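Could you build the full structure based on these sequences and the hints that come with them?
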Amino acid sequence: RTTFFSSIQFAPSDDFSATLNILDSKMDVNNTNSNFLLMNPGAGADLTYVGSNAVKGTGGSDVRWNHINRISKTDTNSIHLDVDFATDSFSMNVELGTTAAEGGTLNETSWEYGGQGDYNFDLTGSTPTVNAGVDGTDPSKFNGGWIWGGNKPTTDDESYGQVDFDVPVELGAFTAVKFGVKYRDQKRTQDRNAYSWHWGVATDGTSPDYMTQILSSQCNTLAKCDLAVGSDSVGADVVNGDITQQLTHNSAQMIELGLGPNASYAVHKNLGEIFEVVEKKTSYYVQGDFSGDDYRGNIGIRVARTDQDSSGYLFSSDSAGLLTVKNPGENANLTPTTLEWVTESRSYTEILPNFNLSYDLAEDQIVRLSAARTMARPNFFDISPIT
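In terms of full-length UniProt numbering, the sequence shown has 134 at position 134, counting the first letter as 1, and numbering is strictly consecutive.
Treat the hints as calculated values from the structure; they're not laboratory data. There may be inaccurate statements among the hints.
[Said to hold, decoys possible] Here are the simulated distance ranges between beta carbons:
no.	residue 1	residue 2	range
1	Pro-353	Leu-171	13 to 23 Å
2	Thr-155	Asn-93	28 to 38 Å
3	Met-375	Gly-51	34 to 44 Å
4	Lys-26	Ala-223	36 to 46 Å
5	Thr-154	Leu-23	14 to 24 Å
6	Asn-33	Arg-1	16 to 26 Å
7	Asp-204	Val-55	37 to 47 Å
8	Gly-230	Tyr-348	50 to 60 Å
9	Tyr-359	Val-163	31 to 41 Å
10	Asn-93	Arg-377	16 to 26 Å
11	Met-375	Glu-170	25 to 35 Å
12	Pro-353	Asn-30	45 to 55 Å
For clarity, every value in this text was computed on a predicted model and none was experimentally measured. Glycine is no exception: its CB is placed at the ideal position from the N, C-alpha and C atoms.
Structure follows, in structure tokens:
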């Protein structure tokens with residue numbers, strides 16, 4: 001992570017001050033993980049169930065390694081200006097700012113290799129026992145299966161501003177009137193692409209496609225192509241059995257073969273996961289502060305208006321929700337017969353009163369009363385059109 005932060009202050013008098021804060025932060029978060037899977041026990045397996053969950057069993061043979069490799073990063077920056085100004089008759093605060101962020105999973109290539117075991121498991125004890133029936137540290141025991149991946153970049157941008165006034169008054173019990181306005185304009189986007197290595201062009205002259213070349217010929221087991229780089233173990237307090245001994249995959253080599261300059265694959269827009277949401281929020285408030293010999297408090301009201309636009313693709317199902325945007329040429333493009341960028345909009349206004357009172361019953365006893373109407377907005381994924 002690399003972060004730059006600067007704060008510049010200007011205060012020429014007791015009545016005026018301004019602070020400018022600038023932040024820029026970048027973080028690389030490339031990550032890998034592996035799943036050692038016992039799959040598809042089959043009709044001949046002997047399983048014990050609790051409800052709909054198998055908690056004990058023998059007789060399965062389908063054992064697989066899934067190795068996930070993601071290239072990810074985040075880039076965030078913000079600028080915030082805070083100004084205070086005071087006179088004998090009022091004080092004022094002004095805040096202006098922008099924030100921008102982008103990142104997410106920029107590339108992913110994930111590989112599955114399968115082997116033949118004779119697994120059994122017992123999850124009923126305090127520590128599970130799982131035996132795969134195949135040496136999980138021996139890469140030659142696992143044959144090529146398939147490769148999947150893609151990317152999911154996101155952005156989040158916001159501009160905002162607010163002005164608040166505090167005016168001293170002498171109106172009966174009221175000692176001050178406070179009022180202000182705040183505006184926020186935020187946009188969040190998500191893109192999504194799926195990669196197809198079985199659409200890629202083979203370079204060996206014999207394989208029908210690039211994925212077959214890698215998984216069936218060039219790197220047909222995890223022992224080939226430098227795909228495995230040693231082993232690791234799982235603590236006995238986590239699980240018992242032979243799955244505690246596991247191989248370690250070579251993430252850099254999988255990324256090179258899957259995403260490097262010699263890799264060949266198609267890219268398709270995954271239309272159902274692409275969206276843009278814009279939300280504009282405007283709030284006004286007024287509040288009166290009051291006090292007396294034994295009490296103090298405030299009463300006010302806030303008016304909050306929200307304008308939302310949610311956009312995404314409307315598409316037919318004849319291309320499985322995919323739109324080909326990069327094609328090595330082995331297959332015809334996937335293109336839905338119906339494809340339209342659609343925006344749905346809504347606006348609503350909430351009126352939010354509030355009241356706070358503190359009363360001194362005695363020198364060491366205070367009664368406090370508070371009543372308010374509040375609101376919460378749905379998060380952006382809840383109002384996005386993703387399916």
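Unsatisfied constraints (hint numbers, rising)
Going through the list in order, the structure violates no hint and respects every one.
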